[in-house]
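Construct all of the structure, not just a fragment, from the sequences and the given hints.
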Amino acid sequence: MTLSDSAQRSWTCHLGKRRNPRLNLAEEISTERKMVNRKMPHLLIQLLDRSQEDLLLVVLTFLKKLSVFEENKDQIAVPETLSNLVKLAQNPNSRIALLSLRLLFNLSFDERVRGALVESGIIKLLVDLLKHPPFRHSVLRLLYHFSMDERCKSLMAFHGEGMTMLLQLVVHFPEPRVGKDLVALMVNLATNARAAEVIVQSGLFPPIVLRVMKHRDPLLCKVIRHVASHPGVLEQMLDLLASEGVRMAKWMTEFVRMALTSVDNPELLLEVLGTLANVTVEEVVWGELCEAGLVELLTRLLVPGFSEDDVVLECILLISNLACCRESVQHVAESRLPAMMQDLLIEKREDEEIVVQLLFAFQCLLGQDEVRDFVLQETELAPCIMRFARARNPLVLEYATALLQIVAVASDNQSAEDGQPAWVEQIKAFRFEQHNQEWCRYVSRELSGGTGMSPSYGGYYDEHEGSGEDEEEFAFHWAGMDAADPRDLAKRDWANQDFGNLSHSSRWA
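Going by this note's numbering, the sequence shown runs without a break in its numbering and finishes at 509.
Any given hint could be a false lead.
No more than 30 Å apart at the CA atoms, straight line, and that leaves these computed lysine-lysine pairs for DSS-like [to be verified]:
hint, residue 1, residue 2
1, Lys-180, Lys-124
2, Lys-131, Lys-64
3, Lys-64, Lys-39
4, Lys-73, Lys-124
5, Lys-39, Lys-73
6, Lys-65, Lys-124
7, Lys-131, Lys-180
8, Lys-39, Lys-65
9, Lys-180, Lys-64
10, Lys-65, Lys-180
11, Lys-64, Lys-87
12, Lys-250, Lys-180
13, Lys-131, Lys-87
14, Lys-73, Lys-180
15, Lys-73, Lys-87
16, Lys-87, Lys-65
17, Lys-180, Lys-214
18, Lys-214, Lys-250
19, Lys-87, Lys-39
Using C-beta positions, here's what the derived DEER-type ranges look like [as the list claims (entries may be wrong)]:
hint, residue 1, residue 2, range
20, Glu-267, Ser-154, 27 to 35 Å
21, Gly-203, Asp-149, 26 to 34 Å
22, Arg-445, Glu-308, 44 to 52 Å
Quick caveat, the hints were computed from the structure, so don't treat them as lab data. Even glycine gets a Cβ: it sits at the ideal position worked out from N, Cα and C.
Structure, rendered in structure tokens:
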């Protein structure tokens, strides 16, 4: 059933004089529920193809109120309605266009609706409307929703004019911190490689970096961090900032200084550290950054309990960068960082992401011949790594095994001290057990009375738990010898032994 033109005019005039009483009734949840039960949204969407402006204003306002509930949204968000709303967003009447955009925003929380709107070509429409200040706020909020989908990010990057307008809005934003809708949209776009490339090539990227240094906006710094996370774009970014026209080659030094003064501002500190950690190219002069105070900053932030895990993780990533550079690795080795990293392995043993990054950082550190022996002497790294070489997580196991191999190769010149087995002998015994697990389990089961217990070097990832008092030690009794340590297995001359009389225990006696 449809309304005649005279009835429409009469209804809209009546609502205008009475200040839209039905709209006010819709503010009450119980009344709105009755309207929905009478399929009011379905009746209203049939009026969206009318040309009477007062009627459209009332219908759009009503639908906008109803669309905040999912049940109503499902009735409104049909293809024909979405198509009509996109057309109304181009209406010469700015009030109708604005109400259409607001209704589309309410509907765009649904991923299915966003996909349908993209097919209708709404991205180009929003880019055109971005030029008009009255629509800008609603357009930015809609674009933010679309930027959550990877396909939409690529479409936005394709519209270079729209990207340029967004960057201009960022650079010329009147307040110290960029508006949340605008900067959130830029953060999402920067995660896309093509969009990040457009940002760097726009000519407005250097002013953005300067704005971060001046106003210390953490969310805007996150944009730079995401741009730097794309390897190909990172090289363009560094070349641009070091060019003669820009002359910002020392921007990383400024970021280190900014981090030193932002210890009490964890949001900004995290983004600054993350940006520096993403710069993984060989051309970076990390030695100068160490002299600017980077090592001292990392040492302070890695004090147990001082920083949140997110900051700790970025610090470890930065240490990996420093350890890969010959100019800076000496600064790391001579500081307290290696010992602090070893302590972190124990403290953060439940956080597998931090454990993996710590193992990789040690791998980078021990990969440098100049500092390898010094680091191994100053830390008790080998026994610590063996604990993680039993990990159930395949990634932790992979990195721990690779690091243990590096330590084993470097252990040729190590020897025992004070008559006790050094970590060199521990590694040999541990690796023997790794390569002969089935045999070790069988012998251990026989020696322990068939309980199936296996030798353990005391790790966080052991398959069994228990105190030392409850566990029978893994030991061999050699004919004519005293009880032997499992570490002695690696040194046995098995070829010359008489296996008939090789071993015995109290159980076999």
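These are the hints, each one checked on the structure:
1. Restraint check for Lys-180 and Lys-124: satisfied, since their Cα atoms lie roughly 22 Å apart, inside the 30 Å limit.
2. Of the supplied pair hints, the one linking Lys-131 and Lys-64 holds, its CA atoms being roughly 24 Å apart against a limit of 30 Å.
3. Between Lys-64 and Lys-39 the alpha-carbon distance is near 15 Å, which keeps this suggested pair within the 30 Å criterion.
4. The straight-line distance between the Cα atoms of Lys-73 and Lys-124 is roughly 24 Å, inside the 30 Å bound, and the hint therefore holds.
5. A hinted pair counts as satisfied when its Cα atoms are at most 30 Å apart, and Lys-39 with Lys-73 qualifies at roughly 12 Å.
6. Proposed proximity of Lys-65 and Lys-124 is supported: the alpha carbons are some 27 Å apart, at most 30 Å.
7. Between Lys-131 and Lys-180 the alpha-carbon distance is near 19 Å, which keeps this suggested pair within the 30 Å criterion.
8. Between Lys-39 and Lys-65 the CA atoms are separated by roughly 15 Å; this keeps the pair inside 30 Å, and the hint holds.
9. Restraint check for Lys-180 and Lys-64: the C-alpha separation of about 23 Å stays at or below 30 Å, so the hint holds.
10. Using a Cα cut-off of 30 Å, the hinted pair Lys-65 and Lys-180 holds, with the two alpha carbons roughly 24 Å apart.
11. A hinted pair counts as satisfied when its Cα atoms are at most 30 Å apart, and Lys-64 with Lys-87 qualifies at roughly 16 Å.
12. With a C-alpha separation of about 29 Å, the suggested pairing of Lys-250 with Lys-180 holds against the 30 Å cut-off.
13. Taking the CA atoms of Lys-131 and Lys-87, the gap is about 18 Å. The hint holds against a cut of 30 Å.
14. Between Lys-73 and Lys-180, the direct Cα distance comes to roughly 26 Å. Compliance with the 30 Å bound is thereby established for this hinted pair.
15. Between Lys-73 and Lys-87 the CA atoms are separated by roughly 19 Å; this keeps the pair inside 30 Å, and the hint holds.
16. The straight-line distance between the Cα atoms of Lys-87 and Lys-65 is roughly 20 Å, inside the 30 Å bound, and the hint therefore holds.
17. Straight-line distance between C-alpha atoms of Lys-180 and Lys-214 comes to about 18 Å, which keeps the hinted pair within the 30 Å bound.
18. The suggested pairing of Lys-214 with Lys-250 holds, with an alpha-carbon distance near 15 Å, which does not exceed 30 Å.
19. Restraint check for Lys-87 and Lys-39: satisfied, since their Cα atoms lie roughly 24 Å apart, inside the 30 Å limit.
20. Range check, Glu-267 to Ser-154: about 29 Å between beta-carbon atoms, so the 27 to 35 Å window is met.
21. Hint check: Gly-203 to Asp-149, Cβ distance near 27 Å, so the stated range 26 to 34 Å holds.
22. Against the hinted window of 44 to 52 Å, the Cβ-Cβ separation of Arg-445 and Glu-308 comes to about 45 Å, which satisfies the hint.
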